[in-house]
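K.L.:
Those protein sequence lines, which keep their order, are chains C and P.
With our numbering as the guide, the letters of the first sequence map in order to residues 3 to 242.
With our numbering as the guide, the letters of the second sequence map in order to residues 6 to 535.
FYI, nobody ran anything at the bench for these hints, they're computed from the structure.
Hints may be right or wrong, so weigh each one.
No farther apart than 20 Å at their CA atoms in a straight line, the calculated lysine to aspartate or glutamate pairs in the EDC-like style are these [stated by the list, open to error]: (1) C:K138 to P:E383; (2) C:K172 to C:E126; (3) C:K120 to P:D281; (4) C:K81 to P:D281; (5) C:K138 to P:E114.
Bear in mind the structure is a predicted one, so any value in this text is a computation, not a measurement.
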Amino acid sequence: MSANEVIRIEGLVKRFGRISALNGIDLSVKAGEVRAFLGPNGAGKSTTIRCLLGILRATSGSVRLFGQDAWTDAVELHKRLAYVPGDVNLWDNLTGGEVIDLFLSLRGTKPDRAARQKYLDLFELDPSKKCRTYSKGNRQKVALVAAFASDAELFVLDEPTSGLDPLLEKVFQDCVGVIKARGRTVLLSSHIMSEAEKLADSVSIIKDGRIVMEGVMRDIAARGASLEELFLSEYKGRVS
Amino acid sequence: MTTAGYARYSRFIIRRERVVGLIWLLAMPLAAFGLASLYPGLLPTPESLLSMASTMNTPAMVAMMGPVYGLDSLTPAIAMSQECLIWFAIASILMNIFFVNRHTRVDEELGRHEMFAALPVGRLAGGASVIVDALVMDVVITILTALLLIALDVGGTTAAGAFAYASSIGAQGFLFAAVTLLTAQLFSTAHGSMGAAFAFMGISYIMRASGDVSGGALSLISPMGLGLKVQAFYANAFWPIAALIAEAVAVAALALVVNARRDVGSGVFPARKGRDSASRFLQSPLGLAWRLSRGTFIAWAVAFLTLGAMYGAVLGELDSFVEGNDVIRRMLEGQLGAKSLVDAYIPLLGCVMALIASIPVVNTVNRLRAEERRGRLEQVYARAASRRAMFAGFAAIAAAEAVVFTFLSAFGLYVSASGTGLVSLGAIMGASFAYVPAILTLAAVAAMLVGIAPRLTALTWALFGYSFIMMYFGRLFDMPTVLPRLSPFSAVPQLPVEAFRAVPIAVMCGLSALMCGVGLAGYRERDTRY
């Protein structure tokens, strides 16, 4: 594993009983890179990410972050990463502010109050409301604020903008721009091609638990193809 | 037209209930049938009926299950009603609370109600459908239960008795359906609405218990006390049923009036705002575990103090109760030698309270699994929090609950009984704390299952149920001695009647630590999954 590799997955297989969700994923993401991670529902994106987070244990293969094992060194590794799930479930009887603080402080560092306030303002989130009263989009914002207000080195974003309106989608893109400029690494799973096209340096496409295509955005643009065309062609089985 | 679309909505509810509702509709009458069928075998002779009635006619039992009646003409049917009616009433009440809350506040909170509000459906269609459907369910359960009991025909069964018994179950349930419809209007969250309905049930039970023991009017004010006044298979009074239905109709009407006037999504009591940032203590796994358990912890703490005080008040009247009852007097004295009646009661009360205390304690352990299933813990574990810390956090809170709840119930008992001069604080605390290892054993079983067999966490409740039955029937009937021994609660030395035995206590503590360790080891190795 080279020194500047942040994510290194080799031959990752994950089975749930007899069902095989991942059939040998290989993925390598360098420091400072924004990698789009595309694939339709059920292709294995979230399973890959959960293995990356040490929430699921790999059946075989290796998953390493910052050179450490994602399962055994999970706690140490998670001090250095921030995660936003696509479907945010929150505790009914806690407020958004409490959840953000909880998430920030569970990273093991002292929460940065100024950053927290900045992102609360940016995403226009009222932190004193109980989570049970939040809409889907507002629950999503809680997770986004908690992630961006942290000083993580790696951001794992699993369809992070589901439920956000276009204005907030723009805010989100600006936030990714800022962390990218600071040299942070981002793994962005998404269904929104324009979002991935705008933000990503490179792209990996997953199909049936395997990576079927990898490329650098510059090259794709140079070939005159859009990401959407590429994605659709991969899934329809013909190349445009 | 405020009830436009009523029929359609009502059918929609029944469709949504076709599995859960059907299970309740069949399970309640069948359980009533099954339990009743045991009675002729359990109590075959007039002597056994009388001896059972004597046991039942003691303050702790009256407080638990209601007043004894029909002593001049005891039958197995009367004994059955005496011991079972209250439990079926509670089950029926729970069913109604869950049912109404599910179709009112829960729907509203999840935004599902909105879709209907956007359709041409009257404002009252929802509320009216729910309460009428609840009534239909209660009537079906009543009729099925009564018919099954008539068909079973245990000694002393009459058609009037069977209908008095069954309609008391149905009518109490229906009143609580109406109460829940009202709380669903008052509180703006499903949690608050259901909590209020449960609180009302708890108050009704406690009012009934103290009314039944002291012979006061509290039993008539409490719906659960009223429900027992039917005296099924003896007096067969139907006026309590009529009173319960009248109350239910009045409460439901009030609820619908409020329903028609309020905004969708709002309540009479608005949702409170909370803190806008986390306290220092919350910012750790233990802190999170505590914060998630805090509300129920406080509610149970109050309940245990009250429960202890209630039993304590009864304890003072123990002698006057036994005064007029030679059979029980001889029975207890023969058993105890020189010890006083009160001393004989203390370990029984300790056991009852310990069993009840194990409900919230096991719930706290199982919450670790519940949180996992709802997909919340993965956000915690995605951060620098270890599974060990989270597991230890919930385990520590469960253990603390076992100690605190035991202390509070014993303390409540002592305070309210201290006026009689019959009890010492040391004796009560000793008898109660002897049961803490048994509670911990049950909690450790839960922890082990969460760790190594998360799909089988219900097994803990099976062990709980077994222990409860052994405590309850093991004392009432002669059982083969091996059966009760399988319950941790039966292994506890009966202080102050028996001498203290360190071995069972040490074994249970060691076993608890071992099972907890196995659970933790399993929990660290397995996937975190829904």
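K.L.:
With reference to the structure, classify each hint as holding or not holding.
P.N.:
Hints, one by one, checked against the model:
| no. | hint | result |
| --- | --- | --- |
| 1 | C:K138 to P:E383 | holds, 18 Å |
| 2 | C:K172 to C:E126 | holds, 13 Å |
| 3 | C:K120 to P:D281 | holds, 15 Å |
| 4 | C:K81 to P:D281 | violated, 24 Å |
| 5 | C:K138 to P:E114 | holds, 12 Å |
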